[in-house]
Amino acid sequence: MRPNLRKTLLALLISLFFMLMITHPAAIYRGATGGLSIWWQIIFPSLLPFFVTTEVLLALGVIQFSGALLEPFTQKVFRLPGNAAFVLAVGYTSGYPMGAVMAARLTSQKLLSPSEASRLAAFTNNASPIFILVAVAVGMYQNPALGPFLALIHYLSNILSGLVFSFFARPVQSRAENPWRHAVETLARAHQQDVRNTGQLAGDAIRYAVNSLFIIGGFICIFAVVLQLFNEVSILRMVMNFLGGFFPKLGLPQELWPAMGAGLFEVTLGAKTAAAADAPLFSKIIVTEIILAWSGLSIVVQALSFLSAAKVPGGYFILGRLLQVIFACILTCIFFPLFAPQLSQTAATIPATMPSFATTLRWATVLCLTVNLGLTTVAVLSACYYKVRRR
763 MRPNLRKTLL ALLISLFFML MITHPAAIYR GATGGLSIWW QIIFPSLLPF
813 FVTTEVLLAL GVIQFSGALL EPFTQKVFRL PGNAAFVLAV GYTSGYPMGA
863 VMAARLTSQK LLSPSEASRL AAFTNNASPI FILVAVAVGM YQNPALGPFL
913 ALIHYLSNIL SGLVFSFFAR PVQSRAENPW RHAVETLARA HQQDVRNTGQ
963 LAGDAIRYAV NSLFIIGGFI CIFAVVLQLF NEVSILRMVM NFLGGFFPKL
1013 GLPQELWPAM GAGLFEVTLG AKTAAAADAP LFSKIIVTEI ILAWSGLSIV
1063 VQALSFLSAA KVPGGYFILG RLLQVIFACI LTCIFFPLFA PQLSQTAATI
1113 PATMPSFATT LRWATVLCLT VNLGLTTVAV LSACYYKVRR R
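Sequential numbering of the sequence shown, starting at 763, is according to our numbering.
Calculated directly from the structure, the hints in this document are not laboratory data. On a predicted model such as this, the values are computed, not experimentally measured, just so you know. Beta carbons: idealized from backbone N, C-alpha and C, even for Gly. Among the hints, a few may not be true.
[Stated by the list, open to error] Below 25 Å or equal to it, Euclidean Cα-Cα: the simulated DSS-like pairs (lysine-lysine) are:
1) Lys872 with Lys1073
2) Lys1073 with Lys769
3) Lys838 with Lys872
[Claimed, not checked] Label pairs and their computed distance ranges (CB to CB):
4) Gly965 with Thr1139: 41 to 49 Å
5) Ser1070 with Val972: 41 to 49 Å
6) Gly1077 with Pro933: 29 to 37 Å
Make the full structure from the sequences, and use the hints.
In structure tokens, the structure reads:
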């Protein structure tokens, strides 16, 4: 019996990584503490409200109820069932890897099929508005005017990727002639299936949220350690530059190749390296958009781990990252000349720092409540529309 080639190569890489850990303990410590700092200051407070609220709404049947009412929209635009509307809203406001996590969660609850969840996760993997507007635009580029432009390209390119997938998908059959009646029946069915009291529901929601966030934190720390080794070990730094050298045909200056290599692994370090490079602003924006679209192996592995746990194939997810990279480059080339005067203004005079835990949690909670309020409003308006049309 021959050993598995893939597992053999993986074992060799892990062995090399283990030896580097022994020979460079200081780098391991700095990488781990840096990863924990990012996770605690930004990731944990920004995702916690969405995890907890989503679990509660799922148990109360609100997601199923609003999904039944919003099904005509998701069917026509993305050829997906109505429950996809909630994943869309959360994925475009909460940040990596929430879109994939929610798609996998709804699949485990039998609200989405594995193929639907795979296609949905492919275009709901986004950086959060907090990360783009604050961390990237102000903190890294020192240019607040750049934030809306980066966000526009980033979100629009992912929506276009979803529309491309919809062209090759089969139309979703309507589950009921009367969406309002179907929504009420779905809500009643959800209440009958979940008999937990309020205390149990709150405890389970917090337990699921914290466990999921610890999984994400583990991935962040591992990749932070790897990247710290890349910075401190000369051989590994050469490998990073070599990986960045695969992109010269894009017309990018050589100063930005290390940023591409870093962004291949981790989005924060890649964007920070691009912002600090001595290169034209247009080239730096192109590289930043590519890094945000790809999201880094750290985020990709996190998303694939949640999808595989729900038995959702990850092929569409990888394809979605590549499509978003292509669309982001095209849209940047189209829109940059229109916004170049505003984007080239003097950098911010007040240096920005990493937002505190309380600040991130406050803004994430506001976003979470706004998303749920918006979905509720749309669902109510949809219900009124169906009632008026039936009359």
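Between Gly1077 and Pro933, is the Cβ distance one that fits in 29 to 37 Å? violated, 21 Å
Hint consistency between Lys872 and Lys1073 [alpha-carbon to alpha-carbon, up to 25 Å]: The given pair, whose Cα atoms are some 12 Å apart, holds under the 25 Å limit.
Indicate whether the distance between the beta carbons of Gly965 and Thr1139 respects the range 41 to 49 Å. violated, 30 Å
Would you check the hint for Lys838 and Lys872, treating anything up to 25 Å between C-alpha atoms as holding? holds, 22 Å
Are Lys1073 and Lys769 close enough, with their CA atoms no more than 25 Å apart? Distance ~21 Å between Lys1073 and Lys769 Cα, so the pair holds.
Using the Cβ atoms, figure out if Ser1070 sits within 41 to 49 Å of Val972. violated, 21 Å
Checked against the numbered hints given earlier, the structure breaks hints 4, 5, 6 and satisfies all the rest.
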